[in-house]
Amino acid sequence: MHQEDNIDFDEIISKYKADPYDYVDIHSIHTGRIRFQVEVGSQVEGVSGEWRHIPGTTLYILNRERNPKPVHSPTNGEISFIRDDLEGQFVEAAEKIITIKHPLTKREIIDGILREVLYPFVAPERAKYFFSMDIQSRIDRYGQREVFVKPGDELFTMSLMKRETPIYYEGEPGIIHSNYFKPGESVDQGQPLVGICPKNTLPLIQRIITRVKAEWE
Amino acid sequence: MEDINKRLLKVEDRISYIAQVKEGTEWGNLAGMQEKTARIRENFYDYAESDLADQIRGLEDAVQFLEERCDENLASMEKVRIVRSPLRFSLKDILENVYEEYTELGGEEDANIDPSLVVAKANILRQVNSKVYTQQVMVIGHEKGHGEEYRNGGCSKPWGNEKALRYMLVAQTEGIPIHFYIFTPGSFPIEDYPGAGQQIARNLYVMSKLRVPMVSVISEGGSGGAEAIGMADCRLMFSHGYYSVISPEGAAAIEGKIREGEKISKELVENCAERLKITALDNLKAGTIDRIIEEPLLGARRDDFAFFKRIKAEMIRATDEVVLKTKSLRTFRAYEVNMKKAEEDAADAENYVDVTWELRPDEIKRLLVFRSRKYRNMALWAFGGKPDSSAARMKRAKLRVAEVFYGLRYDVIKTHRKLAQHFIKDVSGEGSVFLKRVSAPFTAAYDFISKKQDYRAVRPVLDRRGGDSAGDPYLGDTYTSPLANEDRTVTCPNSHKHGCKDLWIPDLYGEFCGVCENCGHHFPLEYEWYLKNLFDRDSTREFNTEICAGNPLQNEVLEKRLKAAIKKTGRCSSMITFDAKVMGIDIVTAMLYSDFRNGTVGAAEGEKFVQACEVAKLKRRPLLSYVHTTGGIRIQEGTLGVIQMPKCTMAVREYIDAGGLYIVVYDNNSYAGPVASFLGCSHYQFAIRSSRIGFAGPRVIRDTTGEEVPPDYHSARNALRRGHIQGIWDRREFRRNLHKCLMTMGGSKLYYR
Chain A
1 MHQEDNIDFD EIISKYKADP YDYVDIHSIH TGRIRFQVEV GSQVEGVSGE
51 WRHIPGTTLY ILNRERNPKP VHSPTNGEIS FIRDDLEGQF VEAAEKIITI
101 KHPLTKREII DGILREVLYP FVAPERAKYF FSMDIQSRID RYGQREVFVK
151 PGDELFTMSL MKRETPIYYE GEPGIIHSNY FKPGESVDQG QPLVGICPKN
201 TLPLIQRIIT RVKAEWE
Chain B
1 MEDINKRLLK VEDRISYIAQ VKEGTEWGNL AGMQEKTARI RENFYDYAES
51 DLADQIRGLE DAVQFLEERC DENLASMEKV RIVRSPLRFS LKDILENVYE
101 EYTELGGEED ANIDPSLVVA KANILRQVNS KVYTQQVMVI GHEKGHGEEY
151 RNGGCSKPWG NEKALRYMLV AQTEGIPIHF YIFTPGSFPI EDYPGAGQQI
201 ARNLYVMSKL RVPMVSVISE GGSGGAEAIG MADCRLMFSH GYYSVISPEG
251 AAAIEGKIRE GEKISKELVE NCAERLKITA LDNLKAGTID RIIEEPLLGA
301 RRDDFAFFKR IKAEMIRATD EVVLKTKSLR TFRAYEVNMK KAEEDAADAE
351 NYVDVTWELR PDEIKRLLVF RSRKYRNMAL WAFGGKPDSS AARMKRAKLR
401 VAEVFYGLRY DVIKTHRKLA QHFIKDVSGE GSVFLKRVSA PFTAAYDFIS
451 KKQDYRAVRP VLDRRGGDSA GDPYLGDTYT SPLANEDRTV TCPNSHKHGC
501 KDLWIPDLYG EFCGVCENCG HHFPLEYEWY LKNLFDRDST REFNTEICAG
551 NPLQNEVLEK RLKAAIKKTG RCSSMITFDA KVMGIDIVTA MLYSDFRNGT
601 VGAAEGEKFV QACEVAKLKR RPLLSYVHTT GGIRIQEGTL GVIQMPKCTM
651 AVREYIDAGG LYIVVYDNNS YAGPVASFLG CSHYQFAIRS SRIGFAGPRV
701 IRDTTGEEVP PDYHSARNAL RRGHIQGIWD RREFRRNLHK CLMTMGGSKL
751 YYR
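Chains as they are written, first to last, in our numbering: chain A, 1 to 217; chain B, 1 to 753.
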């Protein structure tokens with residue numbers, strides 16, 4: 001799939017063009033009697049504040065054992081679907097009750113496209129990661145996008161409990177396109193560290209990013 | 001012509017100043033006068049000189065008349081505006097004009113650890129019978145500047161107050177008096193090290209026993225910020241200054257329950273300013289200051305040189321008074337100084353009395369006694385529930401008996417027993433060494449012949465005094481919070497972070513003691529829970545229950561709220577003081593609780609606290625301050641509330657100096673004045689988990705600094721990180737932790753060092 005001919009960028013672009021929204025489904029967090037605080041078409045806000053301490057718009061209040069629990073919107077957007085029929089009724093846990101139509105930002109679209117076309121290399125453990133000496137010196141000298149890695153290369157040094165373990169690259173050969181971690185900060189297991197891009201797709205990816213940047217409001 | 005032009009300019013300035021004070025030109029036809037001056041200015045060169053002079057003289061007379069009328073009935077808020085005027089004199093003007101020479105310490109201008117607080121070593125001259133004497137003083141005060149932004153409007157940062165403290169100690173080392181000038185709207189309310197509240201507490205703690213004469217003058221006295229350098233032997237105030245527990249705007253926001261972002265009406269602010277009794281005269285009546293320095297009409301400005309002369313005379317006189325009080329040979333000089341005070345134009349007198357400001361050790365002792373007495377007697381009239389004459393006699397008699405009893409028990413018997421124990425210990429030590437020497441050859445021979453038996457050293461057992469908790473019968477049937485009598489569940493506020501399950505209330509407030517079993521979040525519990533669960537059964541004996549929170553400033557709102565609080569709680573004040581036992585250890589406890597006016601401290605609470613310190617001192621017992629919640633100083637009591645900060649800190653300091661052990665435990669919310677004084681000055685402070693401790697709440701910080709603070713800014717954990725507290729305790733372990741703390745901090749010196 002990571003060959004140029006396997007990726008239909010026009011299709012990806014037109015997909016986002018046709019529907020530049022993310023549909024976030026909200027499920028009931030547990031059982032209880034539900035009271036909706038929004039209706040179809042309401043605009044809702046997501047979590048905000050410098051420390052993400054201001055909760056989003058209240059979506060519904062779920063009352064279980066006389067404990068009314070307000071549930072807030074995780075993201076901004078418009079309510080596109082709501083189970084009105086459940087208003088005031090008892091709902092089971094994990095039932096889909098609301099869908100928020102969240103307008104994608106430029107950044108989210110680019111991230112989405114990259115997630116589809118890049119090969120992510122994930123953290124094998126929760127630890128701190130650094131580029132290996134060799135890779136780091138190449139990044140310093142030529143810049144990140146010029147560094148080519150192939151399977152078997154020592155890509156990272158994993159620092160865990162004062163022990164440093166080399167991590168070898170496995171997967172498609174390519175260049176380091178995106179960097180998702182900060183050296184010296186803990187990364188959870190399974191989180192992507194870098195996104196690797198086959199060398200020949202790079203110009204295309206760059207072109208597509210420029211297009212998204214230019215075309216999207 | 002040039003002279004006339006200058007006079008016109010001056011008249012214009014005076015009119016615009018009155019307009020500033022009156023906030024508008026409607027009053028006294030100011031607009032008309034402004035028009036007239038504008039007209040004169042426009043056609044300045046068309047008039048004949050004599051004609052101009054006449055017109056301007058007329059204007060000057062009119063302005064003079066207006067100024068006099070305006071000054072006669074200045075409202076509190078108008079005084080606030082005078083104080084905040086950029087034309088008002090600042091500390092630098094005083095340093096230039098009152099003192100002969102000065103060198104700024106700890107930075108200059110904007111290259112300064114805190115430009116809003118200036119410290120300078122200065123010389124002051126006095127002429128005695130045509131002879132000139134120079135005396136050194138340390139000058140410490142806030143500098144508002146004349147428009148320099150880096151001065152921060154005299155809002156000193158915590159490190160500014162720390163600088164002040166550092167140079168107070170320098171003055172103590174050098175034995176020179178300190179002159180404090182207070183020009184602050186309040187302290188900059190941030191918790192960054194050393195922390196606004198903590199630093200004020202430290203300053204107060206040191207100032208209560210600083211061994212040099214101190215005189216303070218208030219121009220703008222904003223609550224805690226003012227107290228940080230205000231605890232002096234003589235407190236003066238400028239006649240047009242204000243000294244208040246909170247800014248009128250802040251008070252209006254609280255009293256009017258104004259939400260953030262909403263506009264506060266001008267009338268409400270003005271009403272609040274009146275009710276707070278912030279003027280010099282009000283404060284003199286309340287006894288929170290000693291004397292007023294008269295200012296010229298509508299307050300002194302930076303070019304009123306006659307006024308600076310008066311400041312100089314008043315400062316010298318005040319320092320003389322403080323010093324002379326401590327001298328045994330003082331009659332004539334004291335009389336002379338007093339006479340000068342009585343003279344009306346005393347301030348202009350250049351001739352002074354010869355008084356040296358150096359104190360001998362016995363005089364310093366007297367100075368400290370006078371200071372202690374001064375603060376002890378403050379605001380004594382401001383609360384209710386004082387005993388009638390026979391009850392007071394009875395109380396005094398009881399006190400005498402207690403003094404004799406505890407004096408005998410601790411000073412005589414305990415000292416002798418201690419001496420005897422020391423002697424016996426020494427003798428037995430000596431004896432054992434001597435015996436060892438003598439018997440060594442024999443034991444060696446014996447060891448050689450017989451095989452030595454193997455034995456294991458027995459660990460010394462810590463004397464727990466009350467037996468351990470396992471055998472404590474009180475845990476059999478514990479007090480359960482009435483909050484538990486409800487059949488519903490609640491959500492832990494940390495559930496989104498830690499995935500805590502909903503908690504069933506009977507479980508939560510019963511078995512779990514209000515603690516989330518998953519994340520350990522502490523839900524607030526009523527203060528009775530602590531009374532019942534913290535102390536040994538039936539060991540608490542309350543005292544001073546009759547001391548009742550008063551309404552010294554006749555605030556109507558407070559009157560109603562106090563009545564409601566008394567009805568709700570069945571108590572007379574937000575502080576409960578009692579003797580109690582914790583696992584057998586006798587302690588005295590002062591407890592602030594939330595149900596009564598949110599645990600705010602006023603004159604009654606302050607008095608109860610001081611008396612608790614005195615009881616603890618008398619009975620040689622550890623003193624525990626348990627703060628269930630405190631919202632700060634009760635603002636409706638005005639400066640009578642603020643004065644509780646130095647008063648209580650003085651009491652605590654004397655208790656600690658006498659050998660007491662003072663422990664503070666914070667719970668729920670503890671903010672403002674009390675934390676910045678008698679609570680924050682404790683060497684051993686702890687917090688119950690999930691509590692918040694700080695100087696000012698997030699809203700005040702936002703309003704003052706213009707910056708947001710993180711939601712966990714005041715959390716106990718951050719207080720621990722900043723070094724404010726020494727540990728965080730789990731509520732369920734409170735009793736055991738307190739006992740352990742008493743044993744480790746007190747140990748063998750638990751009942752006095």
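These are calculated hints, taken from the structure and not from any lab test. Quick caveat, the model's predicted, so the values are computed rather than measured. Note that CB positions come from ideal geometry on N, CA and C, so glycine has one too. A few of these clues could be false.
[Unchecked claim] If you want the footprint, here are the derived chain B segments under chain A, 3+ residues with CB under 8 Å:
| # | segment |
| --- | --- |
| 1 | 27-40 |
| 2 | 703-716 |
[Claimed, not checked] If the Cβ cut is set under 8 Å, some of the chain A residues that face chain B in the computed set are:
| # | residue |
| --- | --- |
| 3 | 51 |
| 4 | 65 |
| 5 | 69 |
| 6 | 136 |
| 7 | 213 |
| 8 | 215 |
For this session: Mind checking the CB of residue 215(A) against every CB in chain B and telling me if the closest is under 8 Å?
Result: Hint violated; residue 215(A) Cβ to chain B Cβ min 35 Å, cut 8 Å.
Exercise. Can we keep the residue 136(A) interface hint, with Cβ of chain B closer than 8 Å?
Worked result: Result: violated, 33 Å to nearest chain B Cβ.
Exercise. Should the interface hint for residue 65(A) be scored as holding, given a Cβ-Cβ cut-off of 8 Å against chain B?
Worked result: The hint holds - residue 65(A) has a Cβ within 8 Å of chain B, the shortest such distance being about 4 Å.
For this session: Confirm or reject the coverage of the segment 27-40 of chain B by chain A under the rule of 3 or more residues with a beta carbon closer than 8 Å to the chain's beta carbons.
Result: With 0 residues close enough to chain A, the hint is violated.
Exercise. Do at least three Cβ atoms from the segment 703-716 of chain B come closer than 8 Å to Cβ atoms of chain A?
Worked result: Our answer is that it holds, as 3 residues pass the Cβ test (under 8 Å) against chain A, meeting three.
Exercise. Hey, does the residue 213(A) contact hint survive, CB to chain B under 8 Å?
Worked result: violated, 31 Å
For this session: With chain B as the partner, please determine if residue 51(A) meets the hint condition of a C-beta pair closer than 8 Å.
Result: Holds - the Cβ of residue 51(A) comes within 8 Å of chain B, reaching about 5 Å at its closest.
Exercise. With a cut-off of 8 Å, does the beta carbon of residue 69(A) approach a beta carbon of chain B closely enough for the hint to hold?
Worked result: OK, holds: residue 69(A) within 8 Å of chain B, min 5 Å.
Violated hints, listed in ascending order, are 1, 6, 7 and 8; each of the other numbered hints is respected by the structure.
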